[in-house]
Amino acid sequence: MKKTLLVAAMALCLLPPTICQAADDAALFVQKCGSCHKRGGQGPAVNPADKAGIVWKKYFDRGRHPVDLAQTVSDSDLGVVISYLQDHAADSDQPATAVIPK
Numbered sequence: 001m002k003k004t005l006l007v008a009a010m011a012l013c014l015l016p017p018t019i020c021q022a023a024d025d026a027a028l029f030v031q032k033c034g035s036c037h038k039r040g041g042q043g044p045a046v047n048p049a050d051k052a053g054i055v056w057k058k059y060f061d062r063g064r065h066p067v068d069l070a071q072t073v074s075d076s077d078l079g080v081v082i083s084y085l086q087d088h089a090a091d092s093d094q095p096a097t098a099v100i101p102k
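Letter by letter, the sequence shown follows residues 1 to 102 of the working numbering.
Hints listed in this document are in silico derivations from the structure and should not be mistaken for laboratory results.
Nothing false has been slipped in among the hints.
As a list, the in silico SDA-like pairs of lysine to any residue whose alpha-carbon atoms are at most 20 Å apart:
(1) Lys-57 / His-37
(2) Lys-57 / Val-46
(3) Lys-51 / Pro-101
(4) Lys-57 / Val-80
Cβ pair distances, simulated, as ranges:
(5) Asp-93 / Gln-71: 32 to 42 Å
(6) Cys-36 / Thr-97: 11 to 21 Å
(7) Gly-40 / Asp-93: 25 to 35 Å
(8) Asp-24 / Ala-98: 10 to 20 Å
(9) Val-30 / Tyr-59: 13 to 23 Å
(10) Asp-93 / Asp-68: 30 to 40 Å
(11) Asp-93 / Asp-24: 11 to 21 Å
(12) Val-30 / Asp-75: 18 to 28 Å
(13) Arg-62 / Ala-90: 11 to 21 Å
These numbers come from a predicted model, not from an experiment.
Note that the Cβ used here is the ideal one computed from N, Cα and C, for glycine as well.
Produce the entire structure from the sequences given, and follow the hints as far as they go.
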């Protein structure tokens, strides 16, 4: 068992940083947004592929989010989340449809 875990850990270290970063960005999205944007949450279930990338950008640029995120999400984390939404939007090469279960 220990050998299997060691091999798996070594294999993860060999992944390109962009793959590891994408996983971190998805985890941050779930952590920061998932508590409200899930079935039965305060906001509707949301996933990156629900909108095109430009729509996500305009949504946040225009301050359309109904809750003031500055109280719960740092500027740097919000930037990561917005980039993640755009990078995995409906019109992207890698749309993400089920990050937060609906």
